[in-house]
Amino acid sequence: MGDAVTTGAALASPANFSLLALFLQAHIVVKCVMVGLFLASLWCWAIIFYKTVALRRMRRRMSNFEEDFWSGQSLEALYKERSEEDTDGLAAVFVAAMREWKRSHEGAKPALASLAQRIDRVMTMTLSREGEELERGLMVLASTGSAAPFIGLFGTVWGIMSSFQAIAGSGTTNLAVVAPGIAEALLATALGLLAAIPATIFYNKLATDIARITHEMEGFADEFLAILSREIDERL
Amino acid sequence: MRNALIVSAILHFSLLAAAIISLPTSHFETPTVNALPVELVTIADETDLTEGRPEETEVVEEAATETVEAETPPEPEAQPGATDTPADEVATDADAIATAAESSAPEPAGEPEPVEATEPEPEPDPTPQTEVAAVERQPVEPEPQPSETPAPVPETVVPTRKPPPPPRRTQTARLEQQSSESFDADRLSQLINRTAPSGGGSGSAQASLGSESGRAQASLTLSEMDALRAQMQRCWNPPIGIEGGQDLVVTVQIRLAPDGSVVEIKQIGAQGLGALYDVAADAARRAVVQCQPYRLPPAKYEVWKDVQVNFDPRDLF
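From first to last, the protein sequence lines are chains A and B.
Just so we're aligned, residue 4 is where the first sequence starts under my numbering, counting upward by one.
Just so we're aligned, residue 514 is where the second sequence starts under my numbering, counting upward by one.
The hints are all genuine.
Here chain B is said to cover these stretches of chain A; the calculated rule only asks that three of the stretch's residues, wherever they fall, bring their Cβ under 8 Å from a Cβ of chain B:
1. 21-27
2. 38-45
3. 48-55
Treat the hints as calculated values from the structure; they're not laboratory data.
Glycine is no exception: its CB is placed at the ideal position from the N, C-alpha and C atoms.
Could you build the full structure based on these sequences and the hints that come with them?
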């Protein structure tokens, strides 16, 4: 309320419409909204950059691994090579499956009876873990994309409320009384949209990419399981 | 993740800085405007207008030309005579009226000087009347005057008697004669009073561009006309059902008594005549007769004594 009065007083002087002035003139709630939206935008873009880079690297690794896998190289050698380094994506699935295979053959008598099912379980677990890892951060994008406009709108409503209070305080409906309050209020909506639009767009893009990668990994897992179970059935 | 966050922060802050720097910082001042005065005008004032008649457009122009004639002729022709005579004849009298009446005194003042310069050389042969006549024509061509005809020049100076004044400058000339004898403020005011109307144009005194009937009709304001029509239409049962009934516009001219009752129905006219004329006219007549007396402002009886009312079925819908 006090702010409304000061706003009204500030309006007697020529109004300043630079961004900084608008921000400084704003009510504390509107300021909080603006700062929050700015931070949300910051975080969103960080996620966008990170995810874009991460997905690109992931896809490159996957294609590398697939090349290695189908190159006719022995699976043992491939496993040895891959299990030493930090694996992700297809390699992780492969390593998990091979580890289970190895363990089943460690004993005096290989436990082959339900080996295919165990391998399937292990690979499914790995796949879901990888998928979770891929999708981490997307929630922030989705939330920002849907909630930021409302948060901005909240700031706008609050700003317009204070501008109405300025009208009531000064007793005139002069444009100079109304305009700054509305301008600062609209700035909040603008910030909300500024945060929400990239978040929504990139959420859609990243979600589509991740779904494609996950699908690829599932396909690989199925193929690999088919190979392994054939092997198991031959040994039985 | 940290790298991405750093990149994002850098981009955001640079963008913010660019926005703060580059976006125009507009200062605008709005002058404090107080409440606008709103004047409520009744319909009556607006509709109390005189109906014009296109064939009477001449009236205003006549008035204009009259005033022009009254004003302009004295100016050019009074100049030479007026300056000539006071300069020589009444010279000592500081003639305030003469100078006041003729605002263009400086012009002729320049002319007499060369005239006097040539004075001594030619011999003065007094033939006053003719010379004066010549002087009067001379102003049309002032420049050749000193060189060509030296003879008339002294004539203007010599005659002590006032030359027969040109008929057009009667006012100023008479005034000068009077003022030479005695200066009278009343006469001055008379002069002013007399000249003022000539310059004022026709004004309101002249009934221009309007007809009496038009004036009379308009004096009954729109709201009062509507009141009358509404009273009549209350009893009006127009023939709507018949074909083309909506186009039957009946105009009724009636004479009313001061108490609002109908004295006589003078005339009934209808547009879109035909077989339906009688029906429509009768409907209108019934309406007029049934609903009397009408309540109208008694002070304006002269105005609504003879009144014309249109019965238009289209008004009903």
